[in-house]
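> Residue numbers (this note's numbering), protein chains in the order written: chain A, 1 to 270; chain B, 1 to 280.
Fair warning: there could be bad hints in the mix.
[What the hints assert, rightly or not] Which stretches of chain A does chain B cover? Using the computed rule of at least three CB atoms under 8 angstroms from a CB of chain B, they are:
#1 31 to 44
#2 71 to 81
#3 91 to 104
[Unchecked claim] The calculated SDA-like cross-link candidates involving lysine to any residue, where the alpha carbons are at most 25 angstroms apart (straight line), are:
#4 A:K108 to B:I197
#5 A:K108 to B:K236
#6 A:K74 to B:S266
#7 B:K179 to A:P78
#8 B:K236 to A:A69
#9 A:K74 to B:R257
#10 B:K236 to A:P78
#11 B:K236 to A:S49
#12 A:K108 to B:G255
#13 A:K74 to B:E242
#14 A:K74 to B:S150
#15 B:K236 to A:D46
#16 A:K108 to B:L231
#17 B:K278 to A:L63
#18 B:K236 to A:S112
#19 B:K236 to A:L63
#20 A:K74 to B:G259
#21 A:K74 to B:N243
#22 A:K74 to B:G261
#23 B:K179 to A:T77
#24 A:K108 to B:D221
#25 A:K108 to B:N271
#26 A:K74 to B:N55
#27 B:K179 to A:D105
#28 B:K278 to A:R73
#29 A:K74 to B:T202
#30 A:K74 to B:E27
[To be verified] Across the chosen pairs, the derived CB separations fall in these ranges:
#31 A:E143 to B:E85: 47 to 55 angstroms
#32 A:E143 to B:V91: 23 to 31 angstroms
#33 A:D178 to B:T240: 37 to 45 angstroms
#34 A:E129 to B:D76: 36 to 44 angstroms
#35 B:Q277 to A:V147: 49 to 57 angstroms
#36 A:I240 to B:R82: 31 to 39 angstroms
#37 A:V76 to B:E232: 42 to 50 angstroms
Read the hints as simulated data drawn from the structure, not as lab findings.
Glycine residues also receive a C-beta, built at the ideal position from the N, C-alpha and C atoms.
Chain residues, written in single-letter form:
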Amino acid sequence: MRTFTLRATTALTLFLGLAPALAQSDAQLISIPLSRPGEPIELEIDILSARIEVIGEDREDALFEVTIAEGQRKIVTPSGTQTLTNAGYSLEVDEHDNSISFDTDWRKNRVSVVARIPQRADLDLSTIENGEIIVTNISGNLELSNVNGPITASGISGSVIADSVSDFIDLSFVAIDDNNASSLETVSGNLTVRLPAKLGAQIHLDTSQGEIFSDFEVDVQTSKPTVIRNDNDNGSEVKIESVIIANINGGGSIIRMNTLSGDINIRKTN
Amino acid sequence: MNITLSAAITALVALVLSAGTAASSVEEQTNWTDTYAVNTTTPHLQISNIWGGVNVRTGKSGQISVSAVELRSAPDQERFDRSFESIRLDVKADSNGVSLLVGDPNERWHRFNECRGCRLDIQFEILVPPGATVDVGTVMDGRVDIEGVSGSVSASNVNGPVRVGDIQECTSIESVNGKVDVGFATSPLSDCSIASINGDITLDVPEGTGMDIKLDLFNGDLSSQLTAGPLELPAKIEHTMENGHAQYRIQQFTGLRIGAGGPTYSISSMNGDVRIQKQP
């Protein structure tokens with residue numbers, strides 16, 4: 001605990017030293033010491049409108065660079081309506097047992113977060129409005145959700161659950177998790193997975209109106225519709241899903257790709 | 001303890017028991033008045049109510065007068081009897097002031113759950129010396145209304161309005177779901193915090209008042225009848241370490257200077273408007 005307190009104090013000193021330079025449109029640096037340096041972390045970022053970039057590095061802390069777009073607040077005065085350029089905001093970063101959460105107060109100000117964290121990390125990133133999610137060099141389980149913007153991840157080793165409504169998802173794997181499936185789902189965007197040339201995977205493909213392109217030779221498997229029945233207190237739900245199942249390099253972990261009107265791309269990397 | 005009991009306790013008992021019906025309930029109403037002597041010009045009044053309102057007005061020097069209408073109720077006789085253990089009005093008074101706290105005297109709040117449906121509604125009517133400091137609050141089914149006190153005022157409500165009028169200083173005025181109206185007899189000189197989640201906030205101040213406002217306004221509109229302009233405020237940065245949780249919080253307020261500036265007022269509202277009005 002003493003070690004941790006010292007690290008926290010050191011980080012805060014650095015942090016406060018930077019604080020006077022914090023104008024709203026300037027980048028703010030927040031250094032977070034970890035409870036267990038050198039071990040995997042969990043990072044959760046959930047912001048209404050955000051560009052979220054997470055970069056895995058060889059480091060034993062987490063460094064956040066935060067920029068918040070200036071909002072505006074109108075005030076009606078005797079001399080007319082004035083505009084106050086600083087509309088205010090609040091953000092919190094919490095670390096406990098190597099689990100970090102990053103929250104804002106759900107104002108409409110667009111937030112840009114660049115998080116530099118240890119490479120071994122499980123991520124849960126989400127944004128809704130005017131957002132963008134970019135992840136680089138992370139090994140772990142990733143949950144990425146961006147309703148109205150794109151999701152890009154590269155240098156990924158592990159599994160990814162990614163969903164968007166109206167934009168593309170582009171994931172580039174170095175390796176995939178043998179035990180956990182990955183899933184890419186969007187309504188109107190294109191889906192792209194980039195896989196090492198020798199990596200084996202089983203791809204479940206479902207696009208209603210789009211095209212499917214593959215750099216790999218695919219071995220299409222015989223499949224029949226999957227029936228999923230869910231009974232609960234509110235009644236019963238039966239879902240029938242028919243997808244194309246294709247093995248590449250003999251098969252392997254499942255990668256599910258589902259889009260309504262976008263194209264599906266399976267690309268080969270070196 | 002220098003207490004002058006008026007001994008004018010009138011107990012009106014209305015015991016209603018309608019056993020065997022779904023709407024059965026037991027009620028008892030008690031009206032009482034006490035006067036407590038104080039020997040300071042700035043005595044303190046503290047009230048923590050749960051169900052019911054609080055009205056505070058100025059009266060004679062040297063005494064605090066409390067009138068209360070208590071209505072105790074429970075779904076049945078067994079719980080009614082048991083409610084006396086978990087919900088009580090605790091009165092403390094000395095020469096410096098009066099404290100009226102509703103609840104479990106030992107603050108074992110979980111005991112409320114042991115008496116579901118039990119209530120103790122109290123409507124307080126209080127007269128304090130003009131220089132008294134006041135810290136009063138309630139939770140539901142009542143309004144907090146304070147008028148004419150020259151000492152510093154703190155007032156809170158959860159599901160109702162707060163009105164504070166003709167005061168000189170405040171410390172904290174807040175409501176969760178009600179509107180907040182604060183009126184000043186003179187231009188305030190010390191800092192104060194005013195907040196609501198879902199209600200409008202209105203400040204009535206004398207012409208020529210100056211104050212600096214740290215504004216945290218989410219969805220509401222902002223207006224001022226006094227001259228107002230932007231004020232640069234530094235970001236508020238906090239770091240806490242508790243139970244293994246390291247927390248960093250950065251908060252940037254909207255800065256607003258009224259007139260030539262003055263004490264700092266922290267004003268926050270999530271869904272309400274903020275109005276700064278000039279007294280006629």
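> All the hints need checking, so say for each whether the structure fits it.
Now the hints, each set against the structure:
Against chain B, the segment 31 to 44 of chain A contributes 3 residues with a C-beta closer than 8 angstroms to a partner C-beta. That satisfies the three-residue criterion, and the hint holds. Residue count for the segment 71 to 81 of chain A with a Cβ under 8 angstroms from a Cβ of chain B: 7. That meets the three needed, and the coverage hint holds. Counting residues of the segment 91 to 104 of chain A whose C-beta sits closer than 8 angstroms to any C-beta of chain B gives 7, which meets the bar of three, so the coverage hint holds. Of the pairs offered as hints, the one joining K108 (chain A) and I197 (chain B) holds, with about 18 angstroms between alpha carbons and a cut-off of 25 angstroms not exceeded.
Between K108 (chain A) and K236 (chain B) the CA atoms are separated by roughly 20 angstroms; this keeps the pair inside 25 angstroms, and the hint holds. For a cut-off of 25 angstroms, the pair hint linking K74 (chain A) to S266 (chain B) stands: about 18 angstroms separates their Cα positions. Under the criterion of a C-alpha separation no larger than 25 angstroms, the hint pairing K179 (chain B) with P78 (chain A) is consistent with the structure, at around 24 angstroms. A C-alpha spacing of about 17 angstroms is found between K236 (chain B) and A69 (chain A), which places the hinted pair at or below 25 angstroms, so the restraint holds.
At roughly 14 angstroms between alpha-carbon atoms, K74 (chain A) and R257 (chain B) fall within 25 angstroms of each other, so this suggested pair holds. About 30 angstroms separates the Cα atoms of K236 (chain B) and P78 (chain A), which puts this hinted pair outside 25 angstroms; it is violated. With a C-alpha separation of about 22 angstroms, the suggested pair K236 (chain B) and S49 (chain A) falls inside the 25 angstroms cut-off, and the hint holds. Of the pairs offered as hints, the one joining K108 (chain A) and G255 (chain B) holds, with about 18 angstroms between alpha carbons and a cut-off of 25 angstroms not exceeded.
A C-alpha spacing of about 38 angstroms is found between K74 (chain A) and E242 (chain B), which places the hinted pair above 25 angstroms, so the restraint is violated. Restraint check for K74 (chain A) and S150 (chain B): the C-alpha separation of about 34 angstroms exceeds 25 angstroms, so the hint is violated. Proximity of K236 (chain B) to D46 (chain A) is assessed by CA-CA distance (about 22 angstroms); at most 25 angstroms being required, the pair is judged to hold. Distance hint between K108 (chain A) and L231 (chain B) is fulfilled; the C-alpha atoms sit about 22 angstroms from each other, no more than 25 angstroms.
The straight-line distance between the Cα atoms of K278 (chain B) and L63 (chain A) is roughly 48 angstroms, outside the 25 angstroms bound, and the hint therefore fails. At roughly 19 angstroms between alpha-carbon atoms, K236 (chain B) and S112 (chain A) fall within 25 angstroms of each other, so this suggested pair holds. Pair hint K236 (chain B) plus L63 (chain A) holds up; C-alpha atoms about 19 angstroms apart against a cutoff of 25 angstroms. Pair hint K74 (chain A) plus G259 (chain B) holds up; C-alpha atoms about 17 angstroms apart against a cutoff of 25 angstroms.
Only pairs whose Cα atoms come within 25 angstroms are accepted, and K74 (chain A) paired with N243 (chain B) is rejected, the gap being roughly 41 angstroms. Distance restraint check for K74 (chain A) and G261 (chain B): the Cα-Cα separation of roughly 19 angstroms lies within the 25 angstroms cut-off, and the hinted pair is therefore satisfied. Restraint check for K179 (chain B) and T77 (chain A): the C-alpha separation of about 22 angstroms stays at or below 25 angstroms, so the hint holds. Of the pairs offered as hints, the one joining K108 (chain A) and D221 (chain B) holds, with about 15 angstroms between alpha carbons and a cut-off of 25 angstroms not exceeded.
Restraint check: the Cα-Cα separation between K108 (chain A) and N271 (chain B) comes to about 14 angstroms, which is no more than 25 angstroms; the hinted pair holds. With a C-alpha separation of about 36 angstroms, the suggested pairing of K74 (chain A) with N55 (chain B) is violated against the 25 angstroms cut-off. This hinted pair checks out: K179 (chain B) and D105 (chain A) have alpha carbons roughly 22 angstroms apart, not beyond 25 angstroms. Under the criterion of a C-alpha separation no larger than 25 angstroms, the hint pairing K278 (chain B) with R73 (chain A) is consistent with the structure, at around 21 angstroms.
The straight-line distance between the Cα atoms of K74 (chain A) and T202 (chain B) is roughly 17 angstroms, inside the 25 angstroms bound, and the hint therefore holds. Among the hinted pairs, K74 (chain A) with E27 (chain B) is inconsistent with the structure: their alpha-carbon atoms are about 51 angstroms apart, more than 25 angstroms. A hinted range of 47 to 55 angstroms for the beta carbons of E143 (chain A) and E85 (chain B) is consistent with their spacing of about 49 angstroms. A hinted range of 23 to 31 angstroms is violated for the C-beta pair E143 (chain A) and V91 (chain B), which are about 56 angstroms apart.
Take D178 (chain A) and T240 (chain B): their Cβ atoms lie about 41 angstroms apart, and the range 37 to 45 angstroms holds. At roughly 52 angstroms, the beta-carbon separation of E129 (chain A) and D76 (chain B) lies outside the given 36 to 44 angstroms, and the hint is violated. Remark: the range hint 49 to 57 angstroms for Q277 (chain B) to V147 (chain A) is contradicted by a beta-carbon distance near 41 angstroms. Here the CB-CB span from I240 (chain A) to R82 (chain B) is close to 57 angstroms, at odds with the stated 31 to 39 angstroms.
The beta-carbon spacing between V76 (chain A) and E232 (chain B), approximately 21 angstroms, falls outside the hinted interval of 42 to 50 angstroms.
Violated hints, listed in ascending order, are 10, 13, 14, 17, 21, 26, 30, 32, 34, 35, 36, 37; each of the other numbered hints is respected by the structure.
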